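Here the protein sequences come in this chain order: A and B.
So the first sequence is residues 1 to 75, counted in my numbering.
So the second sequence is residues 1 to 229, counted in my numbering.
No wet-lab data here; the hints were simulated from the structure.
There could be a bad hint or two in this list.
To be verified - One side only, chain A facing chain B, incomplete, derived with CB under 8 Å:
(1) 4
(2) 8
(3) 9
(4) 16
(5) 22
(6) 24
(7) 35
(8) 37
(9) 42
(10) 44
(11) 51
(12) 52
(13) 56
Stated by the list, open to error - Some chain A residues well away from chain B (every beta-carbon gap over 10 Å; in silico):
(14) 28
(15) 31
(16) 33
(17) 36
(18) 46
(19) 53
(20) 67
(21) 68
(22) 69
(23) 71
Since the structure is predicted, the reported quantities are computational estimates derived from the model, not experimental observations.
Where a beta carbon is used, it is the ideal one built from N, C-alpha and C, also for glycine.
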Amino acid sequence: MPSLETAPFDPRFPNTNQTRYCYSSYLDFYRCQKVKGESYKPCQYFKKVYNSVCPNSWVEKWNDQREDGTFPAKI
Amino acid sequence: MMTWKTLMSPDSASPLMEQLTFLHDHALMILLMITVLVGYLMASLFFNKFNYRYLLEGQTIEMIWTILPAVILIFIALPSLRLLYLLDEVNNPLVTVKTIGHQWYWSYEYTDFANIEFDSYMIPSNEMEDYHFRLLDVDNRIAVPYNSQIRMIVTAADVLHSWTIPTLGVKIDATPGRLNQISFLLNRTGIFFGQCSEICGANHSFMPIVMESISPECFISWIYNMSEI
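All chains should be built: construct the whole structure from the sequences, respecting the hints.
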């Protein structure tokens with residue numbers, strides 16, 4: 001039985017608009033992976049957050065953009 | 001739920017909605033008392049035969065009916081401000097549910113543990129069963145555990161929509177390219193309905209929202225069942 005847990009409240013994003021919470025977590029995960037390596041477990045926190053908060057279509061689109069090299073931000 | 005003859009607020013399913021209902025009842029009671037008072041004064045003034053040609057001033061009564069409205073407004077403002085700040089309280093959610101508005105259906109995603117996504121279409125009137133509510137029932141309902149803080153992230157895929165459930169006191173616009181967060185807690189089990197609240201094209205009236213509030217154990221087994229589909 002999994003315990004119910006989700007992305008916690010982040011005081012950097014206290015208001016209704018959570019777009020930046022999703023986008024920042026996505027960027028932070030891949031930057032964390034690039035700097036610390038793929039097997040560094042604490043990076044998975046960002047992955048948990050962006051999976052909970054970002055719509056799947058947005059994540060798939062960004063994954064495709066990263067593979068194509070057209071992702072707009074620097075990782 | 002709202003029917004065509006619902007004149008008063010529907011029963012609330014969330015503590016915040018309950019507080020909103022209480023504030024509304026309190027303010028409306030004050031308004032009704034003022035209306036009855038003014039109506040009575042006007043009626044009695046209209047139908048009396050009093051005459052006094054030398055009326056110049058009445059300092060005491062002028063003081064009273066200047067200070068009294070300020071006092072009444074304080075009685076309305078204090079609970080209102082208390083509730084305003086209560087609605088903005090920060091809380092730690094247990095479950096995050098994402099909803100994306102499309103033309104003309106809602107899709108829901110539960111991605112905290114398993115990748116569950118499904119679409120929720122209205123049941124057309126010609127495919128209705130006897131137990132369905134016309135234009136309100138959907139094929140797949142959102143399930144949530146009760147007595148748990150739920151975080152709802154609302155967005156849209158094409159045009160503006162608005163996600164609402166009146167008994168929870170929740171209404172939030174679904175804007176493409178933006179994630180709007182709203183948080184609530186259900187304090188009873190049951191099925192709660194809402195309808196899209198931002199004009200979004202031909203079938204704007206035909207994309208309802210249905211939420212089913214269940215026990216946490218039932219919710220976990222629902223998650224297991226959905227993730228196998």
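Taking the hints in turn, this is what the structure says about them:
Using the Cβ-Cβ criterion of 8 Å, the hint placing residue 4 of chain A at the interface with chain B is satisfied: the shortest such distance is roughly 5 Å. The interface hint given for residue 8 of chain A holds, since its Cβ lies 6 Å from the closest Cβ of chain B, which is under the 8 Å cut-off. The interface hint given for residue 9 of chain A is met, as the beta carbon of that residue sits about 5 Å from the closest beta carbon of chain B, less than 8 Å. Because the beta carbon of residue 16 of chain A sits about 5 Å from the nearest beta carbon in chain B, less than 8 Å, this interface hint is met.
At about 6 Å, the closest approach between the beta carbon of residue 22 of chain A and any beta carbon in chain B falls short of 8 Å, and the interface hint on this residue holds. For residue 24 of chain A, the shortest C-beta to C-beta distance to chain B is roughly 12 Å, which exceeds 8 Å, and the interface hint is violated. The beta carbon of residue 35 of chain A is not positioned within 8 Å of any beta carbon in chain B (closest approach about 25 Å), and the interface hint is therefore violated. At about 25 Å, the closest approach between the beta carbon of residue 37 of chain A and any beta carbon in chain B exceeds 8 Å, and the interface hint on this residue is violated.
Because the smallest distance between the Cβ of residue 42 of chain A and any Cβ of chain B comes to about 19 Å, over 8 Å, the interface hint for this residue is violated. Against a cut-off of 8 Å between C-beta atoms, the interface hint on residue 44 of chain A is violated, since the closest Cβ of chain B lies about 14 Å away. Interface hint at residue 51 of chain A: satisfied, since its Cβ lies 5 Å from the closest Cβ of chain B, which is below the 8 Å cut-off. Restraint check, residue 52 of chain A versus chain B: the minimum CB separation of about 5 Å is within 8 Å; hint holds.
Hint status for residue 56 of chain A: holds, given a least beta-carbon distance of 6 Å to chain B, under 8 Å. Annotated as non-interface, residue 28 of chain A keeps its C-beta farther than 10 Å from every C-beta of chain B; the closest such distance is 16 Å. Every CB of chain B is more than 10 Å from the CB of residue 31 of chain A (nearest about 21 Å), matching its label as outside the interface. Listed as a non-interface residue, residue 33 of chain A keeps its Cβ farther than 10 Å from every Cβ of chain B; the least gap is roughly 19 Å.
Chain B leaves residue 36 of chain A outside its interface by the beta-carbon criterion, the shortest separation being 24 Å against a cut-off of 10 Å. The beta carbon of residue 46 of chain A sits about 14 Å from the closest Cβ of chain B, which is more than 10 Å, so the claim that it is off the interface holds. Not every CB of chain B is more than 10 Å from the CB of residue 53 of chain A (nearest about 6 Å), against its label as outside the interface. No beta-carbon of chain B is positioned within 10 Å of the beta-carbon of residue 67 of chain A; the least distance is around 19 Å.
With a least CB separation of 20 Å from chain B, residue 68 of chain A remains clear of the 10 Å interface cut-off, as annotated. Consistency note on residue 69 of chain A: stated as away from chain B, and its beta-carbon is indeed over 10 Å from all of that chain's, at 23 Å minimum. Non-interface call for residue 71 of chain A relative to chain B: holds, since the shortest CB-CB distance, roughly 17 Å, exceeds 10 Å.
Comparing the model with each numbered hint stated earlier shows that hints 6, 7, 8, 9, 10 and 19 do not hold.
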